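Whole structure, please, built from the sequences with the hints as guidance.
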Amino acid sequence: DTEVTQTPKHLVMGMTNKKSLKCEQHMGHRAMYWYKQKAKKPPELMFVYSYEKLSINESVPSRFSPECPNSSLLNLHLHALQPEDSALYLCASSPGRGDRSYTFGSGTRLTVV
Amino acid sequence: GNSVTQMEGPVTLSEEAFLTINCTYTATGYPSLFWYVQYPGEGLQLLLKATKADDKGSNKGFEATYRKETTSFHLEKGSVQVSDSAVYFCALTRNYGQNFVFGPGTRLSVLP
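Note that the protein sequences, when read in sequence, are chains A and B.
The first sequence begins at 1 in the working numbering and counts up by one.
The second sequence begins at 1 in the working numbering and counts up by one.
Since the hints were derived computationally from the structure, they do not count as laboratory data.
It cannot be assumed that every hint is accurate.
To be verified - With a straight-line cut-off of 27 Å between C-alpha atoms, the simulated DSS-like cross-links for lysine-lysine are:
| no. | chain 1 | residue 1 | chain 2 | residue 2 |
| --- | --- | --- | --- | --- |
| 1 | B | Lys60 | A | Lys41 |
| 2 | B | Lys52 | B | Lys77 |
| 3 | A | Lys18 | A | Lys53 |
| 4 | A | Lys18 | A | Lys38 |
| 5 | A | Lys40 | B | Lys60 |
| 6 | A | Lys40 | A | Lys9 |
| 7 | B | Lys77 | A | Lys41 |
| 8 | A | Lys22 | A | Lys41 |
| 9 | A | Lys40 | B | Lys77 |
| 10 | B | Lys68 | B | Lys52 |
| 11 | B | Lys60 | B | Lys77 |
As the list claims (entries may be wrong) - FRET-style restraints, in silico, Cβ to Cβ:
| no. | chain 1 | residue 1 | chain 2 | residue 2 | range |
| --- | --- | --- | --- | --- | --- |
| 12 | A | Met27 | B | Ser109 | 30 to 36 Å |
| 13 | B | Lys52 | A | Leu54 | 29 to 35 Å |
| 14 | B | Leu46 | A | Ser72 | 16 to 22 Å |
| 15 | B | Gly9 | A | Thr5 | 27 to 33 Å |
| 16 | B | Ser83 | A | Pro83 | 33 to 39 Å |
| 17 | B | Gln45 | A | Pro83 | 27 to 33 Å |
| 18 | B | Ala53 | A | His79 | 44 to 50 Å |
| 19 | A | Ser62 | B | Ser85 | 38 to 44 Å |
| 20 | B | Gly41 | A | Thr2 | 16 to 22 Å |
| 21 | A | Asn70 | B | Glu63 | 37 to 43 Å |
Stated by the list, open to error - In silico negatives: residues of chain A with every beta carbon more than 12 Å from chain B:
| no. | residue |
| --- | --- |
| 22 | Val12 |
| 23 | Met13 |
| 24 | Met15 |
| 25 | Thr16 |
| 26 | Lys19 |
| 27 | Gly28 |
| 28 | Ser62 |
| 29 | Ser65 |
| 30 | Glu67 |
| 31 | Ser72 |
| 32 | Asn75 |
| 33 | His79 |
| 34 | Ala80 |
| 35 | Asp85 |
The model shown is predicted, which means the values in this text are computed figures rather than measured ones.
Note that beta-carbon positions come from the ideal geometry of N, C-alpha and C, so glycine has one too.
Encoded structure:
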């Protein structure tokens, strides 16, 4: 298995809703990432988990809450989002130290209404 | 700090034309360099990479050479196809860092 799987592919949520994005990989990678990509822009790093511990939080608002239950799973819990949070949310993984080749998922396209 | 600059496009070519997308970088130390491709409505796919100076990455007819003297990693393809239409991102990462630095992306449209 050489993929990063993200679910759902599309999500529409209201500003008062609570939802979660899921990411899964079975490549034995020990680093996992959340990126946010707005239209016609490059991805922007949000969070990094290394060996299941949060190692980087790029000053992301607390309405985004990451969770790494185990080495294969990464969640992003969403609560009280704003319309400007609408974007493509990409998950990625990498082996850890050494090889820096990220594998990206196809993303979850989130619309906040 | 680390940064990546690339031609923003859009670049429009006819099928079978030669493609060059310029990419230059600023980084301390010895970064690894990457090209990622994003097809419409999809995530990013690794196209090719190079981890040290003078390395050449290649895949699907695309090539790029890590030039430390000019701090460049230009993407080339000899004959583009309509199916190559996508956004191409140049990126770097430090060997002991965990964060990719992406360029702004170059949109390529190939016309039949």
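Do the hints match the structure? See the list:
1. B:Lys60 to A:Lys41: Satisfied, since the Cα-Cα distance of roughly 25 Å is no more than 27 Å.
2. B:Lys52 to B:Lys77: holds (21 Å)
3. A:Lys18 to A:Lys53: Cα-Cα ~23 Å, so holds.
4. A:Lys18 to A:Lys38: The hint holds at about 21 Å.
5. A:Lys40 to B:Lys60: holds (24 Å)
6. A:Lys40 to A:Lys9: holds (19 Å)
7. B:Lys77 to A:Lys41: holds (24 Å)
8. A:Lys22 to A:Lys41: Distance of about 23 Å is within 27 Å: holds.
9. A:Lys40 to B:Lys77: Satisfied, since the Cα-Cα distance of roughly 23 Å is no more than 27 Å.
10. B:Lys68 to B:Lys52: Holds, because 8 Å separates the two Cα atoms, which is no more than 27 Å.
11. B:Lys60 to B:Lys77: Measuring from Cα to Cα gives roughly 9 Å; hence the hint holds.
12. A:Met27 to B:Ser109: 30 to 36 Å: At 33 Å between Cβs, range holds.
13. B:Lys52 to A:Leu54: 29 to 35 Å: Because 31 Å falls inside the window, the suggested range holds.
14. B:Leu46 to A:Ser72: 16 to 22 Å: holds (20 Å)
15. B:Gly9 to A:Thr5: 27 to 33 Å: Holds, since B:Gly9 and A:Thr5 (Cβ atoms, about 31 Å apart) stay within the stated range.
16. B:Ser83 to A:Pro83: 33 to 39 Å: holds (35 Å)
17. B:Gln45 to A:Pro83: 27 to 33 Å: This hint holds: roughly 29 Å between Cβ atoms.
18. B:Ala53 to A:His79: 44 to 50 Å: Given range 44 to 50 Å: holds, Cβ gap about 46 Å.
19. A:Ser62 to B:Ser85: 38 to 44 Å: With Cβ atoms ~39 Å apart, the hint holds.
20. B:Gly41 to A:Thr2: 16 to 22 Å: holds (21 Å)
21. A:Asn70 to B:Glu63: 37 to 43 Å: holds (39 Å)
22. Val12: holds (16 Å)
23. Met13: holds (20 Å)
24. Met15: holds (25 Å)
25. Thr16: holds (28 Å)
26. Lys19: holds (19 Å)
27. Gly28: holds (17 Å)
28. Ser62: holds (21 Å)
29. Ser65: Holds, since 20 Å exceeds 12 Å.
30. Glu67: holds (18 Å)
31. Ser72: holds (18 Å)
32. Asn75: Non-interface label stands for A:Asn75: nearest chain B Cβ at 17 Å, farther than 12 Å.
33. His79: A:His79 clear of chain B: closest Cβ-Cβ about 24 Å, beyond 12 Å.
34. Ala80: holds (26 Å)
35. Asp85: holds (18 Å)
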